[in-house]
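There are 2 protein chains.
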Amino acid sequence: MYRSHTCGELNSANIGEEVRLSGWVQKVRNKGFMIWLDLRDRYGLTQLIFDEERSEKALMEKAEKIGREFVIQVTGKVIERVSKNPNIPTGDIEVLVTQFDILNTSLTPPFTIEDETDGGEDLRMKYRYLDIRRNPVKNKLMFRHKVGMQVRNYLSNAGFIEVETPYLIKSTPEGARDFVVPSRMNEGQFYALPQSPQTFKQLLMVGGMDKYFQIVKCFRDEDLRADRQPEFTQIDCEMAFVEQEDILNIFEGLTRHLIKEINGVEIGDFPRMTYAEAMKKYGNDKPDIRFGMEFGELNEVAQNKGFKVFDQQELVVGIAVPAAAGYTRKELDKLIEWVKRPQIGANGLVWAKYNEDGSFKSSVDKFYSQEDLKAWAEETGAKPGDLILVMAGETRKTRTQLSALRMHLATELGLRKADDFAPLWVVDFPLLEWDEETERYHAMHHPFTSPKKEDIPLLESKPGEVRANAYDLVLNGNEIGGGSIRIHDKKTQSKMFDYLGFTEEEAKAQFGFLMDAFQYGAPPHGGIAFGFDRLVAILGGQETIRDFIAFPKNNAGRDVMIDAPAKLDKEQLDELHLQLKL
Amino acid sequence: MYRSHTCGELNSANIGEEVRLSGWVQKVRNKGFMIWLDLRDRYGLTQLIFDEERSEKALMEKAEKIGREFVIQVTGKVIERVSKNPNIPTGDIEVLVTQFDILNTSLTPPFTIEDETDGGEDLRMKYRYLDIRRNPVKNKLMFRHKVGMQVRNYLSNAGFIEVETPYLIKSTPEGARDFVVPSRMNEGQFYALPQSPQTFKQLLMVGGMDKYFQIVKCFRDEDLRADRQPEFTQIDCEMAFVEQEDILNIFEGLTRHLIKEINGVEIGDFPRMTYAEAMKKYGNDKPDIRFGMEFGELNEVAQNKGFKVFDQQELVVGIAVPAAAGYTRKELDKLIEWVKRPQIGANGLVWAKYNEDGSFKSSVDKFYSQEDLKAWAEETGAKPGDLILVMAGETRKTRTQLSALRMHLATELGLRKADDFAPLWVVDFPLLEWDEETERYHAMHHPFTSPKKEDIPLLESKPGEVRANAYDLVLNGNEIGGGSIRIHDKKTQSKMFDYLGFTEEEAKAQFGFLMDAFQYGAPPHGGIAFGFDRLVAILGGQETIRDFIAFPKNNAGRDVMIDAPAKLDKEQLDELHLQLKL
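Just so you know, the protein sequences line up as chains A and B, in that order.
With my numbering, letter number 304 in the first sequence gets 305, and the count goes up by one each step, no holes.
With my numbering, letter number 366 in the second sequence gets 367, and the count goes up by one each step, no holes.
You may find that some hints are simply not true.
You can't tell identical chains apart in this list, so a pair holds if it fits in one copy or across any two.
Derived lysine to any residue pairs resembling SDA-like cross-links, with alpha carbons at most 25 Å apart [said to hold, decoys possible]:
1) 261 x 413
2) 492 x 69
3) 453 x 71
4) 571 x 581
5) 571 x 443
6) 384 x 360
7) 63 x 224
8) 85 x 50
9) 218 x 157
10) 453 x 412
11) 509 x 71
12) 147 x 197
The set of hints was computed from the structure by calculation and includes no laboratory data.
Since the model is a prediction, treat every value here as computed from it, not as a measurement.
Required output: the full structure, derived from the provided sequences and hints.
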């Protein structure tokens with residue numbers, strides 16, 4: 002037996018007991034006549050002590066050879082500490098060692114195994130197994146497990162069945178690129194890894210499974226942006242005989258449950274907002290509503306006052322930055338610089354200070370009277386002491402730019418509080434999205450999303466205005482889930498493929514099995530999928546997902562620890578009927 | 002709202018209520034003046050009624066057009082049935098329909114959606130979404146979910162953390178073939194899909210995760226035998242600071258819990274048997290111990306009696322078939338035929354009837370006296386009325402043949418009862434296994450398995466006799482789990498790679514990261530993995546796994562429903578820097 006207790010559980014109630022512990026040596030303090038070691042395992046730290054008076058000389062000598070991260074097993078007696086440490090649960094006691102074994106030695110680790118490590122990102126990834134020993138990473142992985150268990154138990158109790166869908170499926174060119182898997186047994190043919198179990202979960206609904214969920218890995222061969230992973234985890238859900246309202250209620254319940262159980266925060270009904278409203282008020286379909294700074298559209302009050310820069314634009318729009326009227330010229334210039342960076346791409350930024358005394362001072366005083374600026378304040382909701390920031394240009398682009406500025410300022414001003422949770426449903430997404438490159442409409446969600454019944458007549462005339470039965474769940478400015486009520490009849494689905502520019506042959510080749518299934522009594526159905534990595538990170542109060550993934554890949558899609566991907570032997574390629582074409 | 006109740010929940014307590022149901026039409030009975038429909042959903046069946054007297058004519062006419070598997074939504078009143086059906090929970094009531102909508106029509110399904118269907122395996126697989134509507138399949142998938150939840154909750158409560166390990170990893174030529182995934186971003190390089198998360202779980206132990214589990218998909222590109230799938234699910238577990246005894250206890254606990262919670266059967270301590278004993282007594286390292294028929298070795302009592310067929314052989318071994326002394330000549334000939342089939346490959350079979358009167362009658366009476374045969378009975382444990390069957394030959398081969406015969410007879414005699422659970426630990430597996438083809442030793446489990454300390458001196462002299470800290474959990478003659486205590490120091494692991502014929506370079510290229518990790522304080526650790534598909538099937542009282550998998554592949558590794566694998570566009574291959582070599 003390697004241990005009678007873990008390193009996290011001994012306290013003053015155990016004083017006098019003989020115990021056995023195993024773990025890693027976190028720290029060594031050698032005063033010559035006394036040696037302290039901090040022994041660490043997943044559960045905590047326990048202080049070990051050897052001293053001249055009470056420990057055998059041979060034991061002291063052996064203890065001196067122990068280094069950081071050695072794995073040892075000790076037997077000893079729990080004694081009261083002279084100087085207690087109130088910061089850790091075991092801080093009242095220490096273990097006077099009477100016997101120990103070195104179970105394994107350790108080289109000096111390439112970075113310190115401390116909460117604040119000296120290791121950079123690259124080094125930590127290469128030695129991820131050492132990084133995981135650090136509390137911040139270990140705790141995030143344990144946190145992820147806890148969230149996963151809560152999700153599973155909640156959905157299972159609500160009658161959902163977790164069904165494992167296959168990983169070796171069929172490539173569908175629509176959407177992002179698939180990862181593919183050559184088949185050795187079926188010469189010249191390939192499986193694809195699923196981008197999501199979308200079609201399978203719909204088939205499960207056709208199959209009468211009624212309520213399905215799965216926490217499942219999905220794969221997308223995209224050029225990776227920061228904080229995207231080629232493999233990621235989804236909470237995938239689908240229900241039959243439901244309308245949008247049913248889905249929103251069930252998954253609002255799940256999310257509320259998680260925030261309560263995991264974060265101890267009780268949340269009431271989630272607000273709902275149409276896509277159109279979200280774009281108008283926040284310039285963004287996943288607004289962070291933990292703070293205000295809603296957009297005020299200023300066309301009526303800021304155009305035709307002689308300021309040509311505004312007059313020619315489609316949209317003039319501003320926000321009020323709370324208590325920022327005191328910004329210096331330098332601070333304002335920095336903001337103007339910020340929006341002009343290529344990542345944002347704005348032409349400029351107009352500012353107006355709403356002074357505490359009720360007066361206004363702006364960068365465009367030449368064109369606007371105090372009364373004009375007062376009207377700006379009204380539209381943006383500015384109060385004395387606030388700073389109004391205004392941008393103008395093409396509607397879509399300007400909204401995006403102002404949204405970026407709004408988020409930037411909120412972060413700077415500390416308004417995006419990690420322990421504050423502001424969920425929001427965004428509904429009534431457009432069904433179709435115009436793609437400049439291919440010059441045709443694409444499905445905004447995916448080709449299985451149903452249009453709103455009342456908008457179907459618009460499909461021919463104004464396809465861009467057709468709204469879908471599609472919804473996103475937004476939490477603190479992040480889309481954590483999205484879904485839709487699906488099309489469930491072959492006729493509508495065929496028509497949709499048609500609108501999306503699929504030929505009949507293409508639709509049949511790629512989705513024939515789904516279309517076939519729809520002929521045999523497909524029920525009305527819909528669902529949602531949550532990005533599990535992101536959900537866990539946000540519940541954990543973080544913006545980046547990487548440390549919530551045990552073995553993440555870097556931005557080139559590489560696992561630097563195991564050095565994958567890697568070359569294959571020619572023999573292996575031959576068996577797969579493949580050759581490289583470099 | 003599509004329904005106020007499911008089709009499984011209404012009973013006499015609901016009589017008089019107005020309800021709304023949605024589901025599939027299971028059956029139509031049209032008596033002209035009266036129409037009954039059985040409406041089905043995941044939860045059950047409810048009888049709907051339309052009649053001349055109480056239903057509107059238009060409604061009756063509409064109802065007449067409904068076919069099997071149509072999806073309908075009905076509103077109606079719960080009434081008492083005239084002729085009750087005590088076999089279903091809703092059998093006391095029916096719903097008098099006042100309004101209904103056809104939500105979707107259905108073509109006539111290619112096979113009947115009944116417990117006993119007329120659809121063959123191929124048709125059922127092609128239309129799996131219809132097959133899943135059938136109770137036997139649907140219930141198996143729900144059963145699988147239940148087992149999964151029990152496993153997760155048990156392990157989580159025992160302090161295990163579920164950690165998701167990556168699916169895009171590195172190919173390791175050892176063992177079965179990997180499925181590989183070409184990397185678009187890393188030209189000429191490939192990921193591999195994991196055959197198991199073995200190295201990652203060991204790295205998690207090095208990382209201090211202490212207790213890990215995961216229910217996870219694994220992939221093996223093997224030539225498929227019946228009832229093997231290229232992708233399969235494993236309950237993968239690993240623990241640090243444990244000895245074999247700790248692992249056996251924990252996972253015996255899990256298995257006992259499952260059998261109790263799922264099957265309602267209480268099981269005491271699991272028996273343990275060494276590999277050597279299992280081979281000697283059952284000719285098999287996964288014996289079914291639900292019944293006896295243990296092997297009796299007969300060399301001492303059957304050799305040197307003038308019967309040359311036995312004299313020349315390495316092993317003469319028999320079993321007693323209970324109450325089978327009455328087998329006719331024809332039945333005995335059939336058994337002899339059976340063992341001579343190429344799948345078994347025996348040369349023959351000697352029989353001896355132990356008659357109720359205490360006398361013997363055998364196929365080799367010329368060579369053996371009554372007293373000789375009495376000795377056979379003693380060795381095989383035969384009682385009057387039993388039939389002794391004896392085989393002879395090379396030890397390993399003969400044991401395998403007799404084991405096959407033992408299982409065949411047990412099945413024939415109904416001794417393998419599905420609701421009887423006989424778990425067994427098989428321990429002390431050999432570390433190495435001689436491979437005739439490559440003429441070298443292979444790791445019997447995998448190259449990370451530790452040898453028993455006391456056997457290490459034999460590694461040089463008699464490698465085949467070295468026992469490993471390796472164990473299998475056997476349930477009803479199936480290996481449901483297997484694992485080992487791992488090597489945790491670089492020196493021993495290097496030596497093991499050496500014994501297994503890896504060059505230093507090969508070992509470094511394939512397992513360098515694990516060897517590196519072992520230098521930084523790897524703890525003693527070990528684990529186990531359960532075949533989840535098989536475990537679920539056995540707990541469900543079945544021998545085949547296919548119907549416990551939602552969308553299984555056929556023996557050619559194809560998904561016939563979605564028709565995968567399939568060809569790729571040339572464009573897609575180009576992007577992956579690949580070309581076919583057919």
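Inset, instruction - Of all the hints given earlier, name the ones this structure violates by number, lowest first. - result: Of the numbered hints given earlier, those the structure breaks are 1, 7 and 10, listed in rising order.
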